[in-house]
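Q: Sequence:
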Amino acid sequence: MHGTIETTCFDLDLTLASGQVFRCRKEGGSWTVCSRDRLIRLRQDGPRLEFSGAGEAFVRRFLGLDDDTADALERLERIPRLRPAIRACRGLRIVRHDPWECLVSFICSTRSNIPKIARSLDLLARRFGRPISGGGGVCAFPEPGSLDDLDLLRSTGVGYRAEYLFETNRLCTEERLAAIGRLPYEQAREALKEFPGVGDKVADCVCLFAFGFREAFPVDVWVRRAMLALYPRSGTRESEIRRAALRLFGPDAGYAGQYLFHHRRLCEGKTLGEGKALGRGAALSA
DNA sequence: CGCCAGGCTGTGC
DNA sequence: GCACAGCATGGC
Numbered sequence: 001m002h003g004t005i006e007t008t009c010f011d012l013d014l015t016l017a018s019g020q021v022f023r024c025r026k027e028g029g030s031w032t033v034c035s036r037d038r039l040i041r042l043r044q045d046g047p048r049l050e051f052s053g054a055g056e057a058f059v060r061r062f063l064g065l066d067d068d069t070a071d072a073l074e075r076l077e078r079i080p081r082l083r084p085a086i087r088a089c090r091g092l093r094i095v096r097h098d099p100w101e102c103l104v105s106f107i108c109s110t111r112s113n114i115p116k117i118a119r120s121l122d123l124l125a126r127r128f129g130r131p132i133s134g135g136g137g138v139c140a141f142p143e144p145g146s147l148d149d150l151d152l153l154r155s156t157g158v159g160y161r162a163e164y165l166f167e168t169n170r171l172c173t174e175e176r177l178a179a180i181g182r183l184p185y186e187q188a189r190e191a192l193k194e195f196p197g198v199g200d201k202v203a204d205c206v207c208l209f210a211f212g213f214r215e216a217f218p219v220d221v222w223v224r225r226a227m228l229a230l231y232p233r234s235g236t237r238e239s240e241i242r243r244a245a246l247r248l249f250g251p252d253a254g255y256a257g258q259y260l261f262h263h264r265r266l267c268e269g270k271t272l273g274e275g276k277a278l279g280r281g282a283a284l285s286a
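Just so you know, the working numbering puts 85 at position 85 of the first sequence, and the rest follows in order with no gaps.
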């Protein structure tokens with residue numbers, strides 16, 4: 001390990017195993033995470049976070065370590081119906097992922113599950129990406145424009161999402177994505193939905209996990225269940241649930257949603273790699 | 001065999 | 001605007 005960061009209100013396991021980033025795995029107490037062409041190793045011991053593979057500034061930004069998480073969680077914990085999720089997952093942070101990898105990841109995520117998403121992204125990197133030097137066989141995530149072979153896309157197990165990836169790859173450039181990230185939240189959300197395979201939920205995932213719009217509230221089946229249980233009168237349609245969340249949680253909606261998501265899954269015994277099996281089901285197999 | 005998974009698209013009303 | 005079917009794939 002090359003550097004150390006003293007953290008507060010941070011839990012590496014919760015952050016990396018909560019379905020924000022998929023090309024990561026835990027082995028022998030330390031995590032290996034891939035973001036685009038960087039391979040980062042991380043180990044947490046109490047408040048001490050050891051890292052290598054990237055500079056401190058990158059690690060801080062990627063893991064959201066400079067966000068005022070404590071303030072947001074304090075506000076959310078005052079909402080009684082949210083308190084169990086906040087207490088159970090304290091230290092979970094919203095990451096700041098690479099927009100292109102995040103976009104592709106969540107196009108793959110539709111009507112799928114986390115272990116399968118991880119496998120597909122690992123295969124995508126192997127089929128289309130270049131090996132990371134000194135990465136032990138781990139490949140960089142393919143650049144925008146390089147996902148240009150439909151048959152090869154289909155071979156990664158993404159099924160009907162192969163056409164979405166193919167078309168989005170054709171339309172998307174690094175510059176276009178960056179420009180979308182500079183728009184106001186609602187406009188960025190609409191602009192993302194111009195890419196095939198991107199609807200309300202995927203757009204909100206990119207807004208939250210890559211662009212840092214903390215009011216974004218992705219509504220998937222787990223968040224829907226959690227909200228229906230906690231706020232049964234706020235409506236059942238996705239649009240109603242999202243409106244309710246923005247009204248109830250305001251600028252902290254993103255954190256609220258991610259805590260609800262992960263807590264709900266913890267309560268049902270479903271986490272990335274099913275707990276002990278991190279490595280068998282997880283991504284980044286070399 | 002069935003049902004489910006961090007939903008989206010096209011169609012019909 | 002709304003609801004609803006179809007969609008590929010793999011795990012259980």
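It is worth saying that the hints were derived from the structure and are not from the lab.
One or more hints might be untrue.
[As the list claims (entries may be wrong)] With beta-carbon atoms standing in for the labels, derived distance ranges:
no., residue 1, residue 2, range
1, Asp-13, Leu-152, 45 to 51 Å
2, Gly-137, Arg-81, 21 to 27 Å
3, Ser-146, Gly-29, 16 to 22 Å
4, Glu-56, Gly-136, 20 to 26 Å
5, Ser-30, Glu-194, 36 to 42 Å
6, Glu-190, Ser-133, 18 to 24 Å
7, Glu-174, Gly-235, 34 to 40 Å
8, Phe-58, Lys-270, 41 to 47 Å
9, Arg-182, Arg-237, 16 to 22 Å
10, Glu-194, Leu-152, 30 to 36 Å
11, Ala-178, Thr-8, 39 to 45 Å
[As the list claims (entries may be wrong)] The calculated lysine to any residue pairs, modelled on SDA-like cross-linking and capped at a C-alpha distance of 20 Å, are:
no., residue 1, residue 2
12, Lys-270, Arg-87
13, Lys-193, Asp-220
14, Lys-270, Arg-247
15, Lys-201, Glu-163
16, Lys-201, Leu-150
Beta carbons are placed, not taken as given, at the ideal position from N, Cα and C, and that holds for glycine.
Q: Look at each hint and say if it fits the structure.
A: How the hints compare with the structure:
Our hint of 45 to 51 Å for Asp-13 and Leu-152 is violated, since their Cβ atoms are close to 34 Å apart. Distance hint check: the CB atoms of Gly-137 and Arg-81 are about 46 Å apart, inconsistent with the given range 21 to 27 Å. A hinted range of 16 to 22 Å is violated for the C-beta pair Ser-146 and Gly-29, which are about 34 Å apart. Range check, Glu-56 to Gly-136: Cβ separation about 23 Å, and the 20 to 26 Å hint holds.
Checked against the given bound of 36 to 42 Å, the beta carbons of Ser-30 and Glu-194, roughly 40 Å apart, stay inside it. Between Glu-190 and Ser-133, the C-beta spacing of about 39 Å breaks the proposed range 18 to 24 Å. Separated by about 38 Å at the C-beta atoms, Glu-174 and Gly-235 satisfy the suggested range of 34 to 40 Å. Between Phe-58 and Lys-270 the beta carbons are some 30 Å apart, a value that contradicts the proposed interval 41 to 47 Å.
Taking the beta carbon of each, Arg-182 and Arg-237 are about 31 Å apart, not inside 16 to 22 Å as hinted. Between Glu-194 and Leu-152 the CB atoms are about 25 Å apart, so this pair departs from the stated range of 30 to 36 Å. Range check, Ala-178 to Thr-8: about 31 Å between beta-carbon atoms, so the 39 to 45 Å window is missed. The hinted pair formed by Lys-270 and Arg-87 meets the criterion: a straight-line CA distance of about 18 Å does not exceed 20 Å.
Of the pairs offered as hints, the one joining Lys-193 and Asp-220 holds, with about 16 Å between alpha carbons and a cut-off of 20 Å not exceeded. Straight-line distance between C-alpha atoms of Lys-270 and Arg-247 comes to about 29 Å, which puts the hinted pair past the 20 Å bound. Taking the CA atoms of Lys-201 and Glu-163, the gap is near 19 Å; set against the 20 Å cutoff, the hint holds. Restraint check: the Cα-Cα separation between Lys-201 and Leu-150 comes to about 25 Å, which exceeds 20 Å; the hinted pair is violated.
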